Amino acid sequence: MLAEFLQYLFTGITIGATYALIALGFTLIYNASHVINFAQGEFLMIGGMATVSLTAMGVPMIIAVVLAVVLAGILGIALQRFAIAPAKQADVVTLIIITIGASIFIRGIAQLVWGKEYHVMQNFSTDQPIEVFGAVLNSQSLWVLGVGAILVVALVLFFTKTLIGKAILATSMNKEAARLVGIRTQMVLMLAFMVSALLGSVAGIVVAPITFTSYDIGIILGLKGFVAAAIGGLGSGVGAVVGGLSLGIVEAMAAGYISSDYKDAVAFSMILLVLFFMPRGLFGAKVVERV
Amino acid sequence: MFKTVIRRAGKCAVVAAAGLMMMSAQAAEPIKIGSFLSVTGPASFLGDPELKTLEMYVEKINEEGGVLGRQLELIHYDDVGNASSARNFASRLIRSDRVDIIVGGSTTGATMAAVPLIQQAKVPLISLAGAVVITTPVKEWVFKTPQTDRMAAERILTDMKERGITRFGLISGTGGFGSSGRTQTLEVAEQMGMEVVADVTYSGSDTDMTAQLTNIRNTSGVEAVLNFGFGQGPAIVTRNYAQLGMELPFYQSHGVASDSFLELAGASAEGLRLPASPLLVPDSLPEDDPQKEVVQNYKAEYEARWDSKVSTFGAYAYDGLMLAVRAIEEAGSTDPEAVREALENIDGYVGVTGVFNMSPEDHNGLDPDSFRILEVQDGEWKLIK
Numbered sequence: 001m002l003a004e005f006l007q008y009l010f011t012g013i014t015i016g017a018t019y020a021l022i023a024l025g026f027t028l029i030y031n032a033s034h035v036i037n038f039a040q041g042e043f044l045m046i047g048g049m050a051t052v053s054l055t056a057m058g059v060p061m062i063i064a065v066v067l068a069v070v071l072a073g074i075l076g077i078a079l080q081r082f083a084i085a086p087a088k089q090a091d092v093v094t095l096i097i098i099t100i101g102a103s104i105f106i107r108g109i110a111q112l113v114w115g116k117e118y119h120v121m122q123n124f125s126t127d128q129p130i131e132v133f134g135a136v137l138n139s140q141s142l143w144v145l146g147v148g149a150i151l152v153v154a155l156v157l158f159f160t161k162t163l164i165g166k167a168i169l170a171t172s173m174n175k176e177a178a179r180l181v182g183i184r185t186q187m188v189l190m191l192a193f194m195v196s197a198l199l200g201s202v203a204g205i206v207v208a209p210i211t212f213t214s215y216d217i218g219i220i221l222g223l224k225g226f227v228a229a230a231i232g233g234l235g236s237g238v239g240a241v242v243g244g245l246s247l248g249i250v251e252a253m254a255a256g257y258i259s260s261d262y263k264d265a266v267a268f269s270m271i272l273l274v275l276f277f278m279p280r281g282l283f284g285a286k287v288v289e290r291v
Numbered sequence: 001m002f003k004t005v006i007r008r009a010g011k012c013a014v015v016a017a018a019g020l021m022m023m024s025a026q027a028a029e030p031i032k033i034g035s036f037l038s039v040t041g042p043a044s045f046l047g048d049p050e051l052k053t054l055e056m057y058v059e060k061i062n063e064e065g066g067v068l069g070r071q072l073e074l075i076h077y078d079d080v081g082n083a084s085s086a087r088n089f090a091s092r093l094i095r096s097d098r099v100d101i102i103v104g105g106s107t108t109g110a111t112m113a114a115v116p117l118i119q120q121a122k123v124p125l126i127s128l129a130g131a132v133v134i135t136t137p138v139k140e141w142v143f144k145t146p147q148t149d150r151m152a153a154e155r156i157l158t159d160m161k162e163r164g165i166t167r168f169g170l171i172s173g174t175g176g177f178g179s180s181g182r183t184q185t186l187e188v189a190e191q192m193g194m195e196v197v198a199d200v201t202y203s204g205s206d207t208d209m210t211a212q213l214t215n216i217r218n219t220s221g222v223e224a225v226l227n228f229g230f231g232q233g234p235a236i237v238t239r240n241y242a243q244l245g246m247e248l249p250f251y252q253s254h255g256v257a258s259d260s261f262l263e264l265a266g267a268s269a270e271g272l273r274l275p276a277s278p279l280l281v282p283d284s285l286p287e288d289d290p291q292k293e294v295v296q297n298y299k300a301e302y303e304a305r306w307d308s309k310v311s312t313f314g315a316y317a318y319d320g321l322m323l324a325v326r327a328i329e330e331a332g333s334t335d336p337e338a339v340r341e342a343l344e345n346i347d348g349y350v351g352v353t354g355v356f357n358m359s360p361e362d363h364n365g366l367d368p369d370s371f372r373i374l375e376v377q378d379g380e381w382k383l384i385k
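Taken in order, these protein sequences are the chains called A and B.
Per the working numbering, the very first residue in the first sequence carries number 1; after that it's consecutive.
Per the working numbering, the very first residue in the second sequence carries number 1; after that it's consecutive.
Calculated directly from the structure, the hints in this document are not laboratory data.
From a predicted model like this one, the values you see are computed outputs, not experimental measurements.
Note that beta-carbon positions come from the ideal geometry of N, C-alpha and C, so glycine has one too.
Treat the hints loosely; a few may be bogus.
Dumping the calculated EDC-like pairs for lysine to aspartate or glutamate here, alpha-carbon to alpha-carbon at most 16 Å [said to hold, decoys possible]:
{"hint": "1", "chain 1": "B", "residue 1": "Lys382", "chain 2": "B", "residue 2": "Glu270"}
{"hint": "2", "chain 1": "B", "residue 1": "Lys161", "chain 2": "B", "residue 2": "Glu195"}
{"hint": "3", "chain 1": "B", "residue 1": "Lys122", "chain 2": "B", "residue 2": "Asp97"}
{"hint": "4", "chain 1": "B", "residue 1": "Lys309", "chain 2": "A", "residue 2": "Glu117"}
{"hint": "5", "chain 1": "A", "residue 1": "Lys116", "chain 2": "B", "residue 2": "Asp259"}
{"hint": "6", "chain 1": "B", "residue 1": "Lys122", "chain 2": "B", "residue 2": "Glu344"}
{"hint": "7", "chain 1": "B", "residue 1": "Lys32", "chain 2": "B", "residue 2": "Glu73"}
{"hint": "8", "chain 1": "B", "residue 1": "Lys309", "chain 2": "B", "residue 2": "Asp259"}
{"hint": "9", "chain 1": "A", "residue 1": "Lys116", "chain 2": "B", "residue 2": "Glu263"}
Residues of chain B clear of chain A, computed beta-carbon distances all greater than 12 Å [claimed, not checked]:
{"hint": "10", "residue": "Arg95"}
{"hint": "11", "residue": "Met112"}
{"hint": "12", "residue": "Gly221"}
{"hint": "13", "residue": "Ala338"}
{"hint": "14", "residue": "Asp362"}
{"hint": "15", "residue": "Gln377"}
Model the full structure from these sequences, guided by the hints.
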């Protein structure tokens, strides 16, 4: 009984941590610009796919990871410079639509470069699962959780301790005022896209050994990550983590105890309930409308 | 007077010459083979090798002099895996291209969308899609080359029975292939007196099936596990199965019978069994196997021409094209009714997928034994029987 419960819990936490990392990427860009970046899943894909293809070319794993993350970072900057920035004063909705277009574009390129097959990445450490009270845990899950935790802490420090982090926060609160005090808001936006691309690609790399990777992996995971971000309240880092983990755990429990057919239904009912009673999500900021 | 005679004679000669030219043009007019395949989009892993195979063999047949002394012309459209564009393209093939026969429909959805048109227009269609609904009940003008999922279920369950297994757990994908496979498995199991003690599903986007497998593992009386699905899902199931340390006999469906599955599942695939086309093990087929030569040739020719691995799906197109050619030759013309009848009477055609024996009641012509049972040993496919 306990073994069964633990098994579902492990499964849920692993998937949940993945969702949380993606949700954090959404949160970051949302904070800086109020744009929901639907190309977030594509950063994830770029991370995984680039690492796989570089290692296949004989590049050592660690260098491949670094190169893949750098590539994603450049892509994040390019996305902001060439797609978002030219739209200048456009509506947030328009910008969101631009990100959807960008995601389709990136996916198309990836499909041309890497083909349509699924690719496999080796576990970072042993393939041998770890046994805890009769339940088994994939060693890669620990990597996902560990890297996730480190990234969350790093982000918190980035936003509270560094000037750039504070500049991003300031821009999100009031763009005009931020510009008045000398913050280069375009630069800040670009930074936000870059950091969120780095975050996404790292998530893509650590989960690739569990989920496999392919040119279209970003659609599914990106969407789930968005759901997690919405549950947590868009814009809240803690919310993204809690939202991701709870979404993952609810999914796994539903698949285990109720029926796998209703797994997604349960997850989506959860978002409905949360948004119904707490329209700003679990940890959403209280926003006072300016008149 | 004389002049007019000459003029008239000249006119006659011109008319006669024109007439002759028209006749010879008619004789040399190519046989039009229409095709709509999912060359791009989510089902491109089906359509891509299928189109390559069609192109390559149409070329080859033409070099060797064509069929009935006429060249073949391949008219092809890409339906991107979308059923409604498949229907539009089928209509264009029939109405504006006026093709003599259609080989195509990579997916069951695309095929079934075109079927009403085909039946109405009375043009023979040889589908390359799997599900049993395409040829059951029999539709006058519709044929298909892949085995049905029902045959796969029969083949797997027969193998289980031979190993003394009567109670098994089923995990299937919720996609078209998985859910149709699930229905067929449940029906076949009942017929064969076997019991499906656990029945769980996963959706195509799931990235972890540990929960579902734990559910099966905790069901009492499970003696084996069968996974019906395709894409990356079954590879994840296979990995989770190994991670959970489950040691019951494990079966996959023909949906993942490809080398890329072995690559994805890695060492976790060790020991699992599945029904597959002999194309995966061309060299281990016994010498007296009638398919051995056909299979080896197709593999060699495809890989030499395209410099990529041969796939079972391309073989469906090979068999489709060859059946069409054979039927046109038997019929001696491209008259649709004659070709249809010839297709229906094909007997003992040795293809890559199997040996086809069509009949008015059976527009597929294969039996479950055309599937070989393979087992993964040391990271490679091994022929069991």
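Hints breached by this structure: No numbers; nothing is violated.
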